[in-house]
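K.L.:
One letter stands for each residue in the lines below.
6 protein chains.
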Amino acid sequence: MAGKRKKSSGINRKSERTAAVASIAADDDSEITALNLKGGRLSDGMDSYFAKCQEKLGFVPNVLKAYAFDNAKLEAFVAMYNDLMLAPSGLSKLEREMIAVAVSSQNRCYYCLVAHGAAVRALSGDPPLGELMAMNHRAARLSKRQRAMLDFAVKLTNEPWTVEEPDREALRRVGFTDRDIWDIAAVTGFFNMSNRVASATDMRPNTVYHGQAR
Amino acid sequence: MAGKRKKSSGINRKSERTAAVASIAADDDSEITALNLKGGRLSDGMDSYFAKCQEKLGFVPNVLKAYAFDNAKLEAFVAMYNDLMLAPSGLSKLEREMIAVAVSSQNRCYYCLVAHGAAVRALSGDPPLGELMAMNHRAARLSKRQRAMLDFAVKLTNEPWTVEEPDREALRRVGFTDRDIWDIAAVTGFFNMSNRVASATDMRPNTVYHGQAR
Amino acid sequence: MAGKRKKSSGINRKSERTAAVASIAADDDSEITALNLKGGRLSDGMDSYFAKCQEKLGFVPNVLKAYAFDNAKLEAFVAMYNDLMLAPSGLSKLEREMIAVAVSSQNRCYYCLVAHGAAVRALSGDPPLGELMAMNHRAARLSKRQRAMLDFAVKLTNEPWTVEEPDREALRRVGFTDRDIWDIAAVTGFFNMSNRVASATDMRPNTVYHGQAR
Amino acid sequence: MAGKRKKSSGINRKSERTAAVASIAADDDSEITALNLKGGRLSDGMDSYFAKCQEKLGFVPNVLKAYAFDNAKLEAFVAMYNDLMLAPSGLSKLEREMIAVAVSSQNRCYYCLVAHGAAVRALSGDPPLGELMAMNHRAARLSKRQRAMLDFAVKLTNEPWTVEEPDREALRRVGFTDRDIWDIAAVTGFFNMSNRVASATDMRPNTVYHGQAR
Amino acid sequence: MAGKRKKSSGINRKSERTAAVASIAADDDSEITALNLKGGRLSDGMDSYFAKCQEKLGFVPNVLKAYAFDNAKLEAFVAMYNDLMLAPSGLSKLEREMIAVAVSSQNRCYYCLVAHGAAVRALSGDPPLGELMAMNHRAARLSKRQRAMLDFAVKLTNEPWTVEEPDREALRRVGFTDRDIWDIAAVTGFFNMSNRVASATDMRPNTVYHGQAR
Amino acid sequence: MAGKRKKSSGINRKSERTAAVASIAADDDSEITALNLKGGRLSDGMDSYFAKCQEKLGFVPNVLKAYAFDNAKLEAFVAMYNDLMLAPSGLSKLEREMIAVAVSSQNRCYYCLVAHGAAVRALSGDPPLGELMAMNHRAARLSKRQRAMLDFAVKLTNEPWTVEEPDREALRRVGFTDRDIWDIAAVTGFFNMSNRVASATDMRPNTVYHGQAR
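Same order as they appear, the protein sequences are chains A, B, C, D, E and F.
Position 157 of the first sequence, counted from 1, bears residue number 157 in the working numbering, the numbering being contiguous throughout.
Position 10 of the second sequence, counted from 1, bears residue number 10 in the working numbering, the numbering being contiguous throughout.
Position 111 of the third sequence, counted from 1, bears residue number 111 in the working numbering, the numbering being contiguous throughout.
Position 125 of the fourth sequence, counted from 1, bears residue number 125 in the working numbering, the numbering being contiguous throughout.
Position 142 of the fifth sequence, counted from 1, bears residue number 142 in the working numbering, the numbering being contiguous throughout.
Position 2 of the sixth sequence, counted from 1, bears residue number 2 in the working numbering, the numbering being contiguous throughout.
There could be a bad hint or two in this list.
Listed below are several chain D residues computed to face chain C (Cβ distance under 7 Å; list not exhaustive) [as the list claims (entries may be wrong)]:
{"hint": "1", "residue": "A76"}
{"hint": "2", "residue": "M80"}
{"hint": "3", "residue": "D83"}
{"hint": "4", "residue": "V163"}
{"hint": "5", "residue": "D178"}
{"hint": "6", "residue": "I181"}
{"hint": "7", "residue": "W182"}
{"hint": "8", "residue": "A186"}
{"hint": "9", "residue": "N192"}
{"hint": "10", "residue": "N195"}
{"hint": "11", "residue": "A200"}
Everything labelled a hint here was simulated from the structure, so no lab data went into it.
Glycine included, C-beta positions come from ideal geometry on N, C-alpha and C.
Can you make the complete structure from the sequences, with help from the hints?
P.N.:
Next comes the structure, spelled out in structure tokens:
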């Protein structure tokens with residue numbers, strides 16, 4: 001039942017390279033999901049991506065290690081994630097992380113709430129904002145723009161079949177372009193996917209997230 | 001409000017090349033989503049992918065045209081889709097399409113039900129099976145394996161926070177490996193994403209799907 | 001467990017008379033519900049009604065065969081059904097069938113979705129309309145009148161306790177009379193009944209419906 | 001907005017005939033539904049049925065007066081109702097009324113809870129039983145048979161798409177025949193219909209019910 | 001499993017004192033909850049409170065006997081209850097009881113519906129009003145003030161996380177002060193607590209309530 | 001709209017006494033709820049209780065300040081709270097706080113999640129445990145005892161009407177006594193009350209909680 005991933009060659013190479021990783025991160029490594037999947041060989045691209053994570057963040061997010069059993073799946077996930085969350089957009093990076101957390105709250109996804117809650121705290125410099133996104137976005141004091149954005153994301157998460165033109169109009173009224181609406185929809189969709197992969201596999205977040213930006 | 005996509009250079013090039021496309025497909029072109037997004041330039045890779053769709057299917061699925069406003073997003077979507085639905089897996093292609101439709105039924109996604117309902121009919125040679133997946137998978141006469149697979153997908157769609165080890169055990173008991181469980185989760189997750197992008201943008205399926213494999 | 005109805009005298013007489021029925025219809029006969037109910041003797045009226053179905057439709061709808069174990073129940077069902085769906089009304093027959101399918105979609109009733117989806121396709125000459133009613137009526141391009149009608153029917157199906165005067169006013173505003181409102185309510189109510197009888201007994205639709213009016 | 005039914009010829013004739021009706025029943029007459037429907041002419045059969053109600057019950061149930069605007073609809077309703085609730089069945093009349101109330105409780109139908117709650121009290125001689133059916137059937141001290149019957153009815157009311165063979169088996173295990181299962185399903189279905197007609201039209205119960213069999 | 005409370009010294013003393021209690025109340029005594037909790041010694045204050053109940057009501061409400069196993073818990077409950085339901089407030093006692101019943105209806109709490117339904121009937125002199133609160137408050141003919149009050153209470157019961165400033169504004173608009181809003185919230189909250197204690201312990205109401213004020 | 005509580009005499013006296021309170025706590029004071037309620041005079045008992053909070057915690061929890069507009073309500077709340085959460089019980093204080101957070105998570109109560117999440121972190125010395133209770137208790141690695149306790153509390157919160165003897169038996173099976181079951185029910189009930197008072201009034205937690213025991 002335990003998702004031991006010791007034999008993952010890609011990851012082993014990783015941990016050799018990063019001998020300095022704190023014990024907390026090492027612990028994270030031992031049981032990332034409830035699935036027993038043998039790690040495959042990572043492409044050079046993914047190999048350096050993991051190295052970059054280690055260098056920049058001090059750890060490799062467990063979701064990446066979870067996908068690492070299959071390089072093609074990992075690459076597809078990373079490509080989509082990076083485009084959605086980091087590429088230029090009318091939504092700020094913080095706004096995209098706020099959507100991530102508000103959506104994950106509806107789906108009660110432990111992995112995503114912990115990892116992206118930390119991102120909201122870090123990007124906003126406002127620790128309670130991270131809690132509010134995870135607990136109840138309606139209780140946050142938000143601009144009309146951000147409230148409309150999150151209301152749309154939450155409705156799209158909970159009752160996608162009821163989203164219609166007036167919902168899109170509500171976004172346009174607070175200044176979002178049609179391209180922005182796509183991005184709101186795409187980020188909302190992405191976390192509705194990730195939440196379910198994480199829940200289905202009992203994915204565990206790196207414990208280092210808990211203390212970040214408190 | 002209408003998502004006219006006439007200026008999409010990638011798509012225009014496409015439609016020049018495929019002058020023989022039936023008028024029904026041409027109609028499909030005119031209003032794919034409720035968003036007004038200017039098409040961008042497609043990479044050569046995506047350009048030939050569209051040409052291959054046209055050649056093999058006789059049309060380019062509207063979801064691809066919808067993503068074509070941004071080549072990076074299109075490529076990420078296509079890479080993930082093709083890996084999930086077409087790459088080798090312990091799940092047959094039909095089984096993956098059955099999950100697609102059962103999930104889309106929970107989310108009442110018109111686009112995905114029409115497009116993937118046709119796929120279930122075609123791959124199974126059993127038109128009522130496509131209807132059953134779209135209407136109520138519990139009414140289908142399924143093998144224990146397929147019933148367990150769909151029950152997991154539907155539970156993961158509707159209440160992801162309640163999925164736990166006994167749910168994974170139920171899949172193992174009917175013969176699924178941990179790698180298969182990942183694939184069930186990933187396909188379920190993917191359509192929970194696509195359903196929401198489609199619903200958020202009012203994406204319309206190519207009408208040609210309706211008559212396929214009846 | 002199988003609802004074999006071979007001994008149903010009424011039905012046996014029926015099938016003798018209609019030796020020319022295609023094998024598909026004969027198959028339909030063998031297992032209509034999950035209940036093992038001996039057919040009773042049909043009245044002359046019901047006998048000729050079955051004959052008329054056979055003559056006009058080429059088959060006897062399975063719901064009638066299911067009720068045929070008890071002539072009084074069959075007669076009551078037929079009387080109510082024919083009054084609601086065929087008698088003069090401010091609602092067109094197509095509109096009544098649209099309600100039937102939209103309601104059955106909420107209740108995920110396989111029998112009614114298949115049988116009445118075919119009716120919507122046939123009466124409208126618009127196959128996608130049948131799909132839209134079965135999948136998500138909100139995605140259909142409807143007149144204000146028909147949209148209001150279906151919103152009322154769906155709300156009355158899902159949360160009947162919340163229907164109040166403003167809901168009736170919304171119908172009057174798009175031109176429905178009080179008599180029309182009764183008919184919308186009565187058709188909605190009727191399929192909330194039929195959906196449950198069908199689901200409780202695992203009633204199976206005649207397979208001939210699947211290909212009709214595609 | 002008020003459903004005055006003064007011009008209903010059938011009803012007028014009725015009330016002339018029953019000059020002795022208590023003032024409370026006369027009040028009931030004045031506003032039965034929120035729909036303004038002119039009463040039609042009743043057939044002789046319905047005319048004597050109303051007379052029989054008046055004679056036996058001391059009043060005509062408002063649901064009958066509500067249907068009386070159209071004799072064909074009234075006859076169809078009465079035929080189905082009387083067959084279901086009064087004809088021979090493996091279910092006692094009390095059991096059928098218990099289903100009526102438990103179903104109406106799920107749908108929060110004021111009319112049916114009042115009218116059939118009175119019937120449960122009267123038939124059982126146990127006033128709290130009527131309350132329990134209306135409030136929460138799970139809190140009642142019931143035989144296994146009656147508890148299984150009501151659990152089936154409530155599940156079929158709330159989530160008809162999840163009813164499957166194990167649900168029918170649970171009924172067979174406590175002694176119900178397949179014919180009984182039909183009757184449980186049919187009564188459950190019928191009140192899912194009536195609840196919605198009553199809610200859609202804001203049907204008001206005769207006030208006389210409130211004090212009956214307390 | 002049966003909540004026999006024979007050894008409860010406090011209660012025993014009570015019942016000695018009140019030898020005249022009708023047999024119905026004596027029966028009530030025998031099984032109040034499904035928990036087997038030994039009664040503790042009541043304080044003099046609680047002792048006289050029970051005596052006062054007996055004197056004024058003719059019986060001690062079972063909820064008090066249920067709490068009597070621990071004098072501190074009983075005193076805390078009584079203090080809060082009496083402050084909320086009997087102390088001066090902008091809400092009349094009837095209005096507070098109407099909230100109690102409407103909330104208990106959402107939570108389907110048999111104990112509270114029976115006990116407080118009787119209170120609504122008694123305080124209003126309008127037996128159907130008690131039924132309406134228990135069955136569906138939306139079907140009652142209420143003043144705008146009382147309807148807004150109950151809509152707030154029901155929303156706060158069912159989806160507390162969605163209550164926001166517009167909901168409070170709706171109360172202010174019909175004349176409630178901020179202090180009144182507190183009281184509506186507090187009564188709603190209190191019965192959301194009591195409903196759960198009663199349901200968790202299968203608390204049974206004194207049967208005497210059933211016939212009161214009919 | 002802002003719940004300024006400047007005139008609250010009791011609280012003013014408090015803040016004079018506690019001039020050393022950090023500015024963060026002072027800020028908390030300025031807007032505790034969305035209701036404009038004039039503070040009343042506190043009893044000596046409550047006065048010293050506030051002083052004790054200040055001394056022990058370094059601040060007075062906002063919920064107490066919110067109730068302070070009426071000394072009787074404050075006393076009743078404090079008496080019940082302290083009995084439930086601090087008095088001897090078969091449940092440890094940590095277990096009672098775990099219930100508090102798991103219940104508040106179902107009701108998405110910002111105030112209670114922040115305040116009691118901090119308590120779980122502090123009492124357990126396990127910061128992720130606080131997050132797990134707030135996000136999804138099913139994802140926590142718990143003893144069978146604590147898992148059963150929280151499952152009961154969550155079920156009682158979400159569907160109190162479905163709690164029956166087998167639910168109590170499940171608690172007894174993992175070692176809880178009937179008295180413990182009462183305490184689980186009472187704590188669950190209490191937070192179902194507090195969550196609603198907090199949500200109805202938009203109660204804001206002291207910001208100091210956010211950083212505690214991380």
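K.L.:
Each hint: holds or not?
P.N.:
These are the hints, each one checked on the structure:
{"no.": "1", "hint": "A76", "result": "holds, 4 Å"}
{"no.": "2", "hint": "M80", "result": "holds, 4 Å"}
{"no.": "3", "hint": "D83", "result": "holds, 5 Å"}
{"no.": "4", "hint": "V163", "result": "holds, 5 Å"}
{"no.": "5", "hint": "D178", "result": "holds, 4 Å"}
{"no.": "6", "hint": "I181", "result": "holds, 6 Å"}
{"no.": "7", "hint": "W182", "result": "holds, 6 Å"}
{"no.": "8", "hint": "A186", "result": "holds, 6 Å"}
{"no.": "9", "hint": "N192", "result": "holds, 5 Å"}
{"no.": "10", "hint": "N195", "result": "holds, 6 Å"}
{"no.": "11", "hint": "A200", "result": "holds, 3 Å"}
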